[in-house]
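Residue numbers (this note's numbering), protein chains in the order written: chain V, 1 to 638; chain H, 1 to 270; chain W, 1 to 99.
Treat the hints with care, since some could be wrong.
[Said to hold, decoys possible] Taking lysine-lysine pairs in the BS3-like style, the calculated list, with each CA pair at most 25 Å apart, reads:
#1 H:K33 to H:K94
#2 H:K180 to W:K98
#3 V:K538 to V:K388
#4 W:K98 to H:K96
#5 V:K184 to V:K578
#6 V:K38 to V:K176
[What the hints assert, rightly or not] Computed, partial: chain H to chain W, Cβ under 7 Å:
#7 A25
#8 Q55
#9 F110
#10 A131
#11 G141
#12 L146
#13 F147
#14 V151
To be clear, the hints were calculated from the coordinates, so they are not data collected in a lab. Fair warning: this is a prediction, and the values are worked out from it, not measured in the lab. We put the beta carbon where it would ideally sit given N, CA and C, even for glycine.
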Amino acid sequence: MTLLEGLTPVAPTGLFTVAWLMIAIPLLSAGLLLVLGKMTNSFGHYVATLAPIASFAIAAVLFADLLGRPEAQRTVDASLYTWVKTGSWTIDVGFLIDPLSILFALLITGVGSLIHVYSIGYMAHDPGRRRFFAYLNLFIAAMLTLVLADNYAVLFVGWEGVGLASYLLISFWQHKPTAATAGKKAFVVNRVGDLGLTMAIFTMLAMFGSSSFTAVNEGAQHLTPTWATLLGLLLLLGACGKSAQVPLQSWLLDAMEGPTPVSALIHAATMVTAGVYLVVRSHAVYAETPAASLAVAIVGTVTLLAGAWIGTSKDDIKKVLAGSTMSQIGYMMLAAGIGPVAYPFAIFHLLTHGFFKANMFLGAGSVMHGMHDDVNMRHYGALAKPMKITYYTFLMGYLAIIGTPFFSGFYSKDSIIEAAWEKQPVLGALALIAAGITAFYMTRLMIMTFWSRERWQEGVHPHESPAVMWVPLVLLAIPSVVAGMVMNSWIGGWLAPAVGGEVPEHASWVPTITPVGLVTLAVVIAGVAVSYLVFGRKAIPAEVPYTRNILTIAGRHDLYGDAFNEAVFMAPGQALTKAVVAIDEGVVDGAVRGSGTLTVGLGAGLRTLQNGYVRSYGLTMIVGVIIVGLALVIGRLV
Amino acid sequence: MTLVPLVTGAEVAYWICGPIMILAAVAMVLFRKAVYSALSLALVMVNLAIIYASQDASFLFVVQIIVYTGAVMMLFLFVVMLVGVDVSESLVEKIKGHTIASVLAGVGLFILLAVALGRGLVTGAVGVEAANAKFGGNVQGLAALLFGPYVLAFEATSALLITAAVGAMVLAHGERLSPKLDQKARAAARIEDFVTNGVHPGPRPNSGVYARHNAIASPALLPDGTVSEESVSAVLVRRSGLADADSLVAPAKAAFASLDAVQGDSEEDR
Amino acid sequence: MNPSYYVILAAILFTIGIVGFLVRKNALVVFMSVELMLNSCNLLFVTFSRVWGNLAGQAMSFFVMVVAAAEVVVGLSIIVMIYRARRSASVDNASLLKF
Chain V
1 MTLLEGLTPV APTGLFTVAW LMIAIPLLSA GLLLVLGKMT NSFGHYVATL
51 APIASFAIAA VLFADLLGRP EAQRTVDASL YTWVKTGSWT IDVGFLIDPL
101 SILFALLITG VGSLIHVYSI GYMAHDPGRR RFFAYLNLFI AAMLTLVLAD
151 NYAVLFVGWE GVGLASYLLI SFWQHKPTAA TAGKKAFVVN RVGDLGLTMA
201 IFTMLAMFGS SSFTAVNEGA QHLTPTWATL LGLLLLLGAC GKSAQVPLQS
251 WLLDAMEGPT PVSALIHAAT MVTAGVYLVV RSHAVYAETP AASLAVAIVG
301 TVTLLAGAWI GTSKDDIKKV LAGSTMSQIG YMMLAAGIGP VAYPFAIFHL
351 LTHGFFKANM FLGAGSVMHG MHDDVNMRHY GALAKPMKIT YYTFLMGYLA
401 IIGTPFFSGF YSKDSIIEAA WEKQPVLGAL ALIAAGITAF YMTRLMIMTF
451 WSRERWQEGV HPHESPAVMW VPLVLLAIPS VVAGMVMNSW IGGWLAPAVG
501 GEVPEHASWV PTITPVGLVT LAVVIAGVAV SYLVFGRKAI PAEVPYTRNI
551 LTIAGRHDLY GDAFNEAVFM APGQALTKAV VAIDEGVVDG AVRGSGTLTV
601 GLGAGLRTLQ NGYVRSYGLT MIVGVIIVGL ALVIGRLV
Chain H
1 MTLVPLVTGA EVAYWICGPI MILAAVAMVL FRKAVYSALS LALVMVNLAI
51 IYASQDASFL FVVQIIVYTG AVMMLFLFVV MLVGVDVSES LVEKIKGHTI
101 ASVLAGVGLF ILLAVALGRG LVTGAVGVEA ANAKFGGNVQ GLAALLFGPY
151 VLAFEATSAL LITAAVGAMV LAHGERLSPK LDQKARAAAR IEDFVTNGVH
201 PGPRPNSGVY ARHNAIASPA LLPDGTVSEE SVSAVLVRRS GLADADSLVA
251 PAKAAFASLD AVQGDSEEDR
Chain W
1 MNPSYYVILA AILFTIGIVG FLVRKNALVV FMSVELMLNS CNLLFVTFSR
51 VWGNLAGQAM SFFVMVVAAA EVVVGLSIIV MIYRARRSAS VDNASLLKF
């Protein structure tokens, strides 16, 4: 079987033995910046930018090495040391470099490097720039730990590390109460998902006696369906938390309070896709449980629609993109839920999405940079002219996300829709509709931002960003366009051994004409057209217009996700807390205070015996002696 | 040693000394003056010594009289004298019902003691004659015990006695509250008084010396013939008042006057 | 002679000592009552020494006397102290230790 052959890791050689440097370099850089403090204020951001570039270089060399190897040799397990050895469990710290993880490493370090470069310009005047770069490096290190780990326990370390970095970066401007709250919200919601992942790891340790991918992949075949489903659902819960899938989606929109490079790196390209990685990595578990796979697909589809819906109603450019991110990750989850056939498509879309969404987020950052950090699209308009480079790079991202033929999103998204159509027609149809909605809201974004008439606030003079910011945009725009063509014919075969799929039939950069593909294209064109008809023909009001459209109102309120959380979790939780407090005060404290009062009263009564007269005490003593003596005498009589 | 048939010396001693002891003990409790109580207790103890003797405990008989009655009780008397022999305590009972309760408790205890001890009693007694004879006498027998099996306890009592003696000294020792004034300090204080208050620093004038009186109550006369009040102790002044200087001087003046008269006569005779 | 007579005598003396201890206010008389109780115990020791023909009772009685002597010394000095401080040897006057 290809599945087992591909997962038998070979020993590391050459550069693979120092693969840990990929993680160590950014970690060391983050540590230096944080420990040395103000000393590194002047040059820290350069050090921090070099760190992911160095990691990227290592990853690129390893990738080239893997490319040159035969398929069976492409899984390398570089075990470093034993972390925990307790009872029958041994948890090693080790890194698994295989076709799946190396693609992630390249995406993280590549896009990460570009975003670091971009941040040099974006954060140039921020007093906390050093801290920001330290956190970014910390994130890179944690994310690489997550994807390179060879077992779930080490993966969890990275999982929590990115959670921490995400928290620190969302609330980076912690002087803003909204940012601080958003960070806390992301942290708390992620805890719910982490609970699922930890439970899944415990289950694995209990069922397989190990948390390593190899052991889990082998052991999964012997699982009973119930346990497999449970394990699959627990992993799905973890993935939902990290990837902002329904029902744990609420934190992602608020996470946009963080600096825009953070949104691009963490909340678009890399961290939020960790859930997809987790599901794909656990393919052996899902292979045993159609129920959990279906749950993954359903969650993906629901999020796909919800994200798109939210995207249609928001005026905040970053929130539109955040909704879009949710939606696109929904595609990936859908693909991951469909089964082995679609795993490569999930990763494929993850990569292309990483490029074009990072591109668009950075583009949005560039727009904000020129618009005095205003995020309201109603204050934009006609920005294509003053910000040419930003406009064209953003346009590439736009064309990619809506699925324009020959752009990257076209290949990856159409593959998913087709696969879904084949396996789960209902979900496929919904995904198809969502493609239309995507086209609709992205066109709306383009119209409101770059086209239409200018609605700038007073004193705002849009201008192009400096080179340090637009060069990364250009470098991201290129893969946004070509990544699909380049990878379409290759990625299926490349990933097949790692994700347990079959090698698909030969695909090429020339798109295969299928009925579903044509319908998708038609739906996308319809979405663009409707958007143009609604928003393009008349002026965009600078104020939020009143609407009776229930769909729009719901979208503006994030589909009432927060209200749902408050009603279902917060309110009962608070009621429970109040009840517990009432019980504590009434019953527990009452008992404690009651016994205290009783003792005090008893003492107040007894203290009158303490009259200070020795003779009285003596009498008491004699009476005591008589009582004891009587007891003895009576006791002996009996 | 049968005095009367069926009556032994021990019985005689018991029936004579027992009632005396009980009476003396009750008296000790009832006497209002501590001295009488102490003497009553001494009487109890002497009688107890006799009972010891009647029970063949000759060493304890002697010790009871010499040590207990002679030393301990005399210490009591000594302290009674020290703290005021004439102090009699008030009869007002501050604790309500205390006396009655105490007597009831005493009676209850007595019944309990009688019952408890009575159950453990045997009618006959082995007698200590054999034990005494073993080492040649009561004193030798006790000595064999004290310096034999009980030698550690005996040594411990020595430590106890020393501790008690030291403790009594520490407790009864009166602490001086202010430093003792030496001659230098007194002189300095006197000069200080002179400087600040103008008090004469030298010794005060002696009492007056008259032809027929030189008692310390007689005031001295200043050169102008007035009385110096400083020359007589203030205590004496308060107790008996200053002696009248005029009356003290009067005899001398009378004598001078008569001398003058005689001299005048002889001159006239010449 | 039947030893129970001595036991009864000792019990009577002990009870008188107890009552004296309880009803008298003069610290010295209270102390004397304690001595009376000790003496009644000594009487028991001597009596039972004769009952069992064992001199250990008398030795114990001797120890009681020694301990009583030490106790009297310390106790009396405490009484003297109290008298110095309060000009009174009444146990009722030393009643500050109360609620």
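Q) Quick check: which numbered hints come out false for this structure? A) 2, 13, 14
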